[in-house]
Each structure stands twice: as C-alpha cells, then as structure tokens.
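**Q** Residue-level listing of the chains:
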Amino acid sequence: MSEQSLDWVALAGRRAKGRRPQFLDDPAVERLYSLVLALAAEVSALRERQDTVERLLDDKGTISRADIEAYAPAGVAAEERGLATRAYVARIMRGFQQEVEAMAAQDPPIMHVVEKVSRA
Amino acid sequence: MATDLPPPYTALTRHPMMPRASHDEAARFNFLTHFNRYLSGPIGHGNRLAYETRVLPAFRAEHGREPQHRYEIRDAMNRDPWHRAWSTLKRNSMEMRQHNGRQVVLRQLDELDARARALNDASGQLELDPAIRQPDYQTVVDVHCQPGGYHGEERPGDVSAGANYDVGIFATTGGALGGLTDGGGQAVVAWVQQQHPGWRPRRILDVGCTVGHNAVPIAQAFPEAEVVAIDTAAAALRYGAARAAGLGVRNIRFVQADAEDLSRWADAHFDWVQTTMFLHELSAGSMPRILAEAHRVLAPGGLILQVEQPQFTEDMPLFEQFLRDWDTFNNNEPFWSSMHAQDIHDVMERAGWPRERQFVAAVRAVVDRSRFPGSPAGPQEDFGRAAIWNAYGAWKQAQPRDLAGEQTA
Ligand SMILES: C[S@@+](CC[C@H](N)C(=O)[O-])C[C@H]1O[C@@H](n2cnc3c(N)ncnc32)[C@H](O)[C@@H]1O
Numbered sequence: 008m009s010e011q012s013l014d015w016v017a018l019a020g021r022r023a024k025g026r027r028p029q030f031l032d033d034p035a036v037e038r039l040y041s042l043v044l045a046l047a048a049e050v051s052a053l054r055e056r057q058d059t060v061e062r063l064l065d066d067k068g069t070i071s072r073a074d075i076e077a078y079a080p081a082g083v084a085a086e087e088r089g090l091a092t093r094a095y096v097a098r099i100m101r102g103f104q105q106e107v108e109a110m111a112a113q114d115p116p117i118m119h120v121v122e123k124v125s126r127a
Numbered sequence: 339m340a341t342d343l344p345p346p347y348t349a350l351t352r353h354p355m356m357p358r359a360s361h362d363e364a365a366r367f368n369f370l371t372h373f374n375r376y377l378s379g380p381i382g383h384g385n386r387l388a389y390e391t392r393v394l395p396a397f398r399a400e401h402g403r404e405p406q407h408r409y410e411i412r413d414a415m416n417r418d419p420w421h422r423a424w425s426t427l428k429r430n431s432m433e434m435r436q437h438n439g440r441q442v443v444l445r446q447l448d449e450l451d452a453r454a455r456a457l458n459d460a461s462g463q464l465e466l467d468p469a470i471r472q473p474d475y476q477t478v479v480d481v482h483c484q485p486g487g488y489h490g491e492e493r494p495g496d497v498s499a500g501a502n503y504d505v506g507i508f509a510t511t512g513g514a515l516g517g518l519t520d521g522g523g524q525a526v527v528a529w530v531q532q533q534h535p536g537w538r539p540r541r542i543l544d545v546g547c548t549v550g551h552n553a554v555p556i557a558q559a560f561p562e563a564e565v566v567a568i569d570t571a572a573a574a575l576r577y578g579a580a581r582a583a584g585l586g587v588r589n590i591r592f593v594q595a596d597a598e599d600l601s602r603w604a605d606a607h608f609d610w611v612q613t614t615m616f617l618h619e620l621s622a623g624s625m626p627r628i629l630a631e632a633h634r635v636l637a638p639g640g641l642i643l644q645v646e647q648p649q650f651t652e653d654m655p656l657f658e659q660f661l662r663d664w665d666t667f668n669n670n671e672p673f674w675s676s677m678h679a680q681d682i683h684d685v686m687e688r689a690g691w692p693r694e695r696q697f698v699a700a701v702r703a704v705v706d707r708s709r710f711p712g713s714p715a716g717p718q719e720d721f722g723r724a725a726i727w728n729a730y731g732a733w734k735q736a737q738p739r740d741l742a743g744e745q746t747a
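Just so you know, the sequences run in chain order V and H.
For what it's worth, the working numbering labels the leading residue of the first sequence as 8, then goes sequentially.
For what it's worth, the working numbering labels the leading residue of the second sequence as 339, then goes sequentially.
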C-alpha cells in the first residue's frame, strides 16, 4: 500500500457540477431511491462474493482472500453469474416491472369486478 | 437465452494502465451493467406505454391536437409518475457509476500516476500545452455527470479523470463495446477496410479523443500511418497516452490542442479526420468553427468521418426523439438536443463539404463476440447509448473544383 495523501472516500463522492433535476415531488423519496439503489448494488456484490467463495471451495477445498480477488469467472461460470444477477435485478425491480405490465393491461378497479361477479 | 447476457466486468482487458478493480468493485459494475440493461430492456417500454395510454390522450384532450415538438412530449412526460420514477432510477445509476469509478481510481491514484508518468516519459507520445483551456461549453456543467468533467484533477498532473472514464464506461454501455472499449473505432476500421480496401491513409487526426478508446484501434489497423489524437483535456490525454503506450501502440501521439484552432497543422496535412461521439458535446458556436478547421487540414481526396447517434430527422417519430433526448436534461449533455436537431448535412456543407460528396454509413460496434455479445438492438435499444451509430462522412474533392469557394469556407 502506498501512503495516501488523498481522502479518496470523501473525494469519490463529489457531485457533478450542474443542478440536479428533481424527479419526484418529495425530495426525501428522491434520497431514498439513492439509498436503496446503493444498497441493492451492495447486496449484489455480496452475492457475487458468496458465489466466488463457493465456486473456489468446490474447486480447491480451501481458499484465501487473494484467490477471491483474483477470481475471474469464464465460460459457464460467467453465464451462470450473469443470469443470477439478471434474476436478482428482476426480483428487486418487480414492483416497477409489474407497473409496466399493469399499464399495458389497464385493469378496471377491483370494485368494478366485485360488483360484476356479485351480479352474474 | 444466455447469449444476450452482458459479459462480467472481469472480461475487460487489463491493459497496464487499467486501474485494478477489487472483486467487489467489479461486482458493483456488474450490478450497474445489468441494472442499465434492465432499465432499457424489461421495463424500458414503460415510457411508451405511459405515453400511449395516458400522457398522449391527456395531451390531446387538453390541447385538441397532437404534440408538435419533442419538448412538448417532455413537459407532459415529466408529469407522469412512471417516467419520473424511471428517470430517477436512471439518473441514480449514472451517479453510482461515477461514484464507483472514482472510488476505484482515487484509492490507487498514486500508483496510477506513477505508472502513467513512467510510460509517458519513456514513450514520448504525450504532448501537453498548458496554454490550452477546457472550453466554456465543457465546464459550464460536468458532462454526463462526471465530477470534474474530462479535465478535472484531484491534484495537479494526475490521471484521475481519464482513469475514471476508462474503468466505468463498461457499466453505462452495458459491456457492449468490447474488452478495450474500442468497438466504435473497430467499427470504423471495418467500414474503411471493407468499403475502401486499397486506401492507405498516411496521416490521421482524431479530434476530441478523450483517452483514445476509438483512436487506438485506428492506429492499430493502419500501422504505417501516423495518428495524432487531440483533446483539450490534459487529464484525459495523460491517461490516454500512457494507455496506448502500455498497449504497445506506438504510431499515435496524444496532443493537447483545441480543435477550433488547428493552425499548427498546415492546410491539407491529414488524409483522414475522425471524430467519434464528439460533436454532441460542443456548442452551436464552436461546431462550425471546428468543422471548418477540420476541412482546412484535410487533404484533397481525404476522408472525414464523424460517428454519432442518429440525428433527429423529420422521419424520426417525436416520441423517439424525446427518449433520445433524455441525457440532455437529465445527464448533463446540454448540446445533445440542439446538435441532434440540426441538419448535419447542412452543417458539413457550410464547413466545405458539398452535399453530393457526403454520405451516411450505419456502423455497429465490432467486438470479440465470444466474450462480448454486444448490445441489444431494436426495442431493447438503450436510446442514446446503444452501440449502433451513424457515421456522417465525406470525401474531400481530389481536384478542388472551386478553389475560391473553398478558401472562404
Ligand atoms: C465524448 S468525448 C469523445 C470520446 C472519444 N472520441 C472516444 O472515442 O472515446 C468528448 C471529448 O471532446 C473533448 N473536447 C471538447 N471540445 C474540444 C475542442 N474544442 N477541442 C478538442 N477537444 C475537445 C473533451 O475534452 C472530451 O474529451
């Protein structure tokens, strides 16, 4: 490790110059989106790390941190992990994805259905 | 099914300058790559659905007519809850890409700076000019939310901007540009080699090269040619020159210069002037001046080729224009909108290339398909970022047909 003069943790988080659009009415919700997405990325990274540990243990029976850092999935392993990440994103994004489906379906309010089936 | 999965981050080529991403840093980029593809893929058509099922009907009810401009669609969509939620997801993903990239780079900046210095001192391929400033249109906001832009430094003389650009572009382009992020340059090379197999350009100018992602493959494909890659941003050039030297590409020089003034090069000096994803980051005033300079330094019979996302022409539906315009307002690309709305053929004509000598070629990223399956096309396309471009080109007349006219251009 080199001696570090820069406070890289603080500096890395610098904002980009230019006013940020406010997408949502409530700024607190806007902040929550940022927080939840960052956590989602961390969970994804943890899942990958776990997968790396398991694959290396399968292969070698025992591993070191250096093994984990050096691990680069290839071929089938890369595809399996890619697919697992895709499935993970699909799980955390279900609410959004089903909202899109709902826009396409245009279901009537449930009360309409309740009334309809209680008549027929 | 698996063929359209993005490659893992670790498939990127680890050239000597590439910052080393830890296991978890790479995993964060993997998440963002998948997340970006998810935003444009599985839920990407939500914007169109919201538009067609409620935004457009409400617009018609209110105005009694169809929208006449992409900005009218934008105003209406900016009130739609789906588009707002989708936009905040996308903006966050851009910000997270920057944050991750800067963490990777800044924690190892000492080593990166030392490596760059050693490579650049040994190669002599870097030429900086402290008199060159980053243009105002580049500093008014940080382009695509890159803190510090292309030119910013954490300390004088560092490579942080270029290094961050290189480590993170994988995530925003969905891993579609290949192991060296050079799919665009390789596409240009493939086009030239297929269309003009005998052509041997000797001097090539790449304008606005950043770290040389797309200039280096041109140098590699034409080893006899001398490539000059210019940019105003020293912070990007330092990294780019070291990256090229680390890759063993010797016939390219990275020169700090402002494309508005190429007076250090004589008229007709270059056989080929290339720009890649460059015009949309200029300004209305600078673009014609830069193109006029490009025309001046281009030799008769020479080629200009400019790779961009498609222009907003009349036959592009307004809704697609609106989608392609998202980065203008939400990702600090202030010239994107008006640049894409210009008649590029007109702009090139005024710079000196008559319309009848102009052409448009469709180019698509050329990558190692065994490792990089490429970006989705069609409805899954991530508008504004897909690895599918138009190349706006022209061959300069071999025999000046009207010298006087050309001199005033
Ligand atoms: C989007 S990047 C270009 C990407 C690059 N061509 C590639 O293929 O990877 C735009 C670049 O243009 C540079 N630039 C902007 N105005 C310029 C000017 N007037 N002269 C030279 N470079 C300029 C910026 O510093 C930035 O690096």
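Hints may contain errors.
Unchecked claim - Covered stretches of chain H, going by a simulated chain V footprint (3 or more residues, C-beta under 8 Å):
1) 343 to 354
2) 427 to 437
3) 687 to 698
What the hints contain is simulated information worked out from the structure, not anything from laboratory work.
A virtual CB, placed ideally from N, CA and C, is assigned to each residue, including glycine.
**Q** Compare the structure with each hint and give your call.
**A** Hint check:
no.	hint	in the structure
1	343 to 354	holds (count 6)
2	427 to 437	holds (count 8)
3	687 to 698	violated (count 0)
Comparing the model with each earlier hint shows a violation of hint 3 alone; every other hint is respected.
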